[in-house]
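So the chains spell out like this:
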Amino acid sequence: MGLLSDPNRRRALINLLTRLNAPICGMPVEWLVKTMQARGLEVYTQRFSRTLPFPDENKERYMVKGTNVYGILRAPRAPRTEALVLSAPCTPGDNNNQAVGLLLGLAQYFRNQIYWAKDIIFLVNDHDLIGMQAWLEGYHHTNTTGMDWSPLQGRGGSIQAALSLELSSDVVTSMDLVLEGLNGQLPNLDLANLFYAFCQKIGVLCTIQGKLQRNDWDSVSGYSHAVQTMMLMVMKQASGRPWGDHGLFLRYHIEAATIKGINSFRQYKTDATTIGRLLEGMYRKLNNLLERLHQSYFFYLMPSLSHFVSIGYYMPAFGLLAVILLLRALDLWVQLATPPPTTEDGIADIDPGVLSVLTPLVISHLTGAALYMLPIRFQEMAVEHFPVSETEAVVLTAIAVYTAGLALPHNTHRLLSGEGTEQGWRVLKLVALLYLAVLLGCTALINFSLGFILALTLVPGAAFVTPHVPKVLSAFVLVILSPACTLLFSVFFFQELQEMPVSFLDGWLLYLSVISQGILDHFLYGSLVYPLIALLVYPCWLLFWNILFWK
Amino acid sequence: MAAHRSCRPVWLFILCSFSLFIIAGSQETTVAPEQHASVLDNPQTAAETAEQTAGESGGVEERRWEGTEVRDAAAQKQAEPAVLQPTPQPKDDFQEELVVRPLHSGDIYASFQFRTLWETDFMRGNKVSHYRLFPKSLGQVISKFSVRELHISFTQGYWRTMQWGQPYLPSPPGAELWVWFQDSVTDVDATWKELTNVLSGIFCASLNFIDSTNTVQPSASFKPLGIGNVTDHRFLRYATLPREIVCTENLTPWKKLLPCGSKVTVFVSLFISQKDTFGIHLCVNAASFSFCVLMYSCCSLQAGLAVLLKSEKLFHSSFHSQAVHIRPVCQDWQCKTTSWELRQTLNVVFDLHNSGQGKREWSLFKMFSRTLTEACPLASSSKIYIDITDNPEGEQFELSPATSLLSQAMVLGDRRTFSVYDLTQQDTFGSVRSLNLLIRWKSTEGDMLRPLLHAERYVAGYGLQTGEIHTLMYNHHPYRSFPVLQLDSVPWYLRLYIHTLTVTSKGKDNKPSYIHYQPSKDRVRPHLLEMLVQLPPNSVTEVTVQFERALLKWTEYTPDPNHGFYVGSSVISSLVPSTVAMDTNSTRERPLFSSFFPCKEESSYFVRVYTEPLLVNLPTPDFSMPYNVICLTCTVVAVGYGSLYNLLTRSFQIEEPSPGLAKRIANVIRKMRGVPPL
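Protein sequences, first through last, are from chains H and R.
The first sequence: position 88 = 88 (full-length UniProt numbering), numbered continuously.
The second sequence: position 87 = 87 (full-length UniProt numbering), numbered continuously.
Next up, chain H with everything else stripped away, as it sits in the complex:
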């Protein structure tokens, strides 16, 4: 690697970094444009603006306006068909100054090399994910989320891979790799392998989920450490949100990962030059690729950076859970198919049977639709009438609609078709079981972790619930295993896994903010978890709730 070997370059890099310690972020667009131009890049800017559906209290933003700056290093004698992206979010404050400085230093170094076969795009994105979303939408000229952006002037062809860089402090002791993207999409495993190989080569401590790899696989503590790491990945993937700026690239079939510099107060420190060498190595490897990364796995879970669990191992676990539903459905089918002993009221049974299936289905889906639409629609009204902020209004409306849904369907059903028949709930349960099986199957194919967690909580309830089980106890269990409570437990479990346990009150506040974030993710980036839960999973769960209160 040439970056370290040349003392001049090294000094230049260090100079740049120290100069950047002065707060520059809040996007000094002109300075960035000038600096990138001085480094011989083709520089372009993109303006964007977005009004959030409701204020984001975590990041304190509502009307977002920003400018992305990107410089393209044109590869010599390449026809602008392929590109690689290196991005660094430039957040207000000086959180990510080191990353921007390193990006500029690398740009200068890369510019003087002749071996590039792909254009390299150095992107400094404003307002982290929103800016990234605007840039990607502009680059691919799509508009999935209704954002306003100015069209891009310069492009580098089809983007092959991207890395996003986040260095939160001057001192970096280890590098963390973040893979989980939007809707639980993951980049090709070879990207993780590449990172791991280079960390090993250069001698940088590397982690995944912030956890170091341990060598004692055989011992109980080593095993539990690996399980903990993997569970963290499962939880993050299930959330369906992008856990770094790279997450939005995955929609466009661009392999991407975020590299985070972590200061965990270890003895061993890594300087910026070493990180530069790491990135240089990775980019040269990616540059040399003829094809996109495709040889390795796209579906995996990682208990450590050097080990993975492939889809062939984890899918059977889910399959066994789903088989329960299918077996129950088969059982009901057989019960329904065998002619009942009393044949005289068989004809009378069938007519309300069809209606008794259709009515709860429609009603529960309408409730789901209300859960999806009302929180955003009614936020202004709620703010007028209650002393809450917009964000709280949205979250509380969602919870209110959710709870109201528990009371609504079975009562209406009773009013409509009178006393439910034995045949009726069996048909309804058969439909609900098949519905749930298909729903979970599809979810698990797209986002395994989400499908698995939902299956774990929904399948037991779905399997045992009948109108004949003890009401109060079953209702309690069913509520505990409902999607909303699953989310609540997940929040606590996640905090526990991260070794940052919270009190119940803090956990509840966190829970509320997670709901608001989930809704925002959907509207800002097109995450599918919120509509999936609201429009499909929750209505499906309501069907089982309905069966419990059939009589």
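For the record, the hints were derived by calculation from the structure and aren't laboratory data.
Watch out, some of these pointers could steer you wrong.
Below are the BS3-like pairs computed for lysine-lysine, each with C-alpha atoms no more than 30 Å apart in a straight line [to be verified]:
id : chain 1 : residue 1 : chain 2 : residue 2
1  : R       : Lys506    : H       : Lys65
2  : R       : Lys313    : R       : Lys136
3  : R       : Lys442    : H       : Lys34
4  : R       : Lys136    : R       : Lys91
5  : R       : Lys136    : R       : Lys193
6  : H       : Lys65     : R       : Lys508
7  : R       : Lys136    : R       : Lys336
8  : R       : Lys310    : R       : Lys136
9  : R       : Lys223    : R       : Lys144
10 : R       : Lys313    : R       : Lys366
11 : H       : Lys285    : R       : Lys313
12 : H       : Lys65     : H       : Lys34
Let chain H serve as the given structure and place chain R on it in line with the hints.
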């Protein structure tokens, strides 16, 4: 080293032959060239050199305008018959030039042009068999395939119009080939197929991959550039290979077509054209005769501008393009007879950043790792032009050695000024006998340009099912609109939904005045879309068309299907209003009578812009899975077949049953007891 050693006997040989030659007819050799030179040389330049020496002694530099090229050529034309009268063979002529343009971005653009003119007729019955300057391989191609015009280019890299402005000769990334056939050709497709295969061999390129799936017949975009009025596009074929990678193996055959490009030709030509003993003329003037002859023979391994064509430097650049253009041109202004023109061009852009550590200077030696010591002895003209338009007072860069010879030409709608170095003049090389041009930048600025016409293209959308091709065409002219012809040739596996074609400029629908669309046929021919669009002044015109990605048969995928599939550049041809005509407020000092109507020649100029090629991913099956399936199936078949075969072919025989376990144990016990076994 090996080359040097092999040189030595050749030097000796030349030395001997020259000395013999000089002893035998010293009168002739010394006088003839001088006559030759005096006739050939412009009286103006001769006067100039005299004046230059005077000026240098006086310490005052005075700039002189060289006659325009037309006059120059005319002068040569008049001069030539006098010299070449005795030769009965068809007349041919070779010129070489190098244009160096310091670009706005600080990069440097070097454009070589080598032109061979030959007054012959390949198409007549008599077979042309005697070739002198014109390469035989191409002559045979022209006569065998009845080619009327042939244009082929190999390009590595993409011309950055926004930073570099317009190139002298545009070309798309990869290989491009377009050919007009004579109207006597009956089966154009078969001839085309054969021609591409032959050219593939000549240029060592994969032109043999040109077939019906990437060949189109543009109806309007590619008109013949030579004389002739047949414009029936049935005789035109156009194809591009955007994936073609251009490297030294393409440069070498291209260089071999030059009269002074390779070692062998020079030696042969030295002995053939004894009249042209320019080298000896040099040597007589030199102080040490024998040394000079040695030097001459040494450097005449390659002579003229071809010396600079070293692949290790040419491919150490940002852009590399080499081309061959063959066309019939008029022999004189009456155009009674035609001659064939072979124009070989090579365009290179050298990167500012890659070379020096902060030092912004360029020299011939730095660019090409060679300096010039002489002109090609076979060339009637050999010149280097340096574009100094942006540098009238030397504030941008400094040029050394300085020259007093200037030339002006209309290039791409702009009046450019050039410093000219005539390599046929001895004093160009100075006292060190080598010319190493040096450009040293003074200012450091590299803003974006605003070329009048500029285009870009990209694929929009995500997912592997559909997509949208966007072509953006920029007209930066402040008040003139002009029409452009857009040509798109899209492979069949992108199924264009032509009903979704939209052309918008300034937010309004812009209806093309002419559309020629030929739908594709799967696995047979590509889509061809040609449109004439009017670009409003100062606007961006966006052409979008949606497409669906086809699923290929599994044998149709390339060995690297996950790389993606290329779609060739779209070609935008236009007559662009010139920048000279743009300034109507006449800030420049001009006589009033000349400045009212815009001058016809300067009012517009032809520009062809190529967009970037596209790389599109198609839905690709996981090719590792079939591999697994094949392995598994083979194993199963092998095991199954093996055991079945075994069963069927084995002959079963009843064997004496071996004694059972109980019996054996009993026997052991009996043995121990001493009783005979059972």
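Okay, the hints, checked on the actual structure:
Taking the CA atoms of R:Lys506 and H:Lys65, the gap is near 25 Å; set against the 30 Å cutoff, the hint holds. Taking the CA atoms of R:Lys313 and R:Lys136, the gap is about 28 Å. The hint holds against a cut of 30 Å. A threshold of 30 Å between alpha carbons decides the hint, and for R:Lys442 with H:Lys34 the separation of about 20 Å falls inside it, so the pair holds. For the given pair, R:Lys136 sits about 15 Å from R:Lys91 by alpha-carbon distance, which is consistent with the 30 Å threshold.
Restraint check: the Cα-Cα separation between R:Lys136 and R:Lys193 comes to about 21 Å, which is no more than 30 Å; the hinted pair holds. This hinted pair checks out: H:Lys65 and R:Lys508 have alpha carbons roughly 28 Å apart, not beyond 30 Å. A hinted pair counts as satisfied when its Cα atoms are at most 30 Å apart, and R:Lys136 with R:Lys336 qualifies at roughly 25 Å. A distance of roughly 24 Å separates the Cα atoms of R:Lys310 and R:Lys136; the hinted pair therefore holds under the 30 Å criterion.
In summary, the hint linking R:Lys223 to R:Lys144 is supported, as the alpha carbons are separated by about 22 Å, within the 30 Å threshold. At most 30 Å may separate the alpha-carbon atoms for a hinted pair to count; R:Lys313 and R:Lys366 meet this at roughly 9 Å. A threshold of 30 Å between alpha carbons decides the hint, and for H:Lys285 with R:Lys313 the separation of about 25 Å falls inside it, so the pair holds. Restraint check for H:Lys65 and H:Lys34: satisfied, since their Cα atoms lie roughly 21 Å apart, inside the 30 Å limit.
Violated hints: none; the structure is consistent with every hint.
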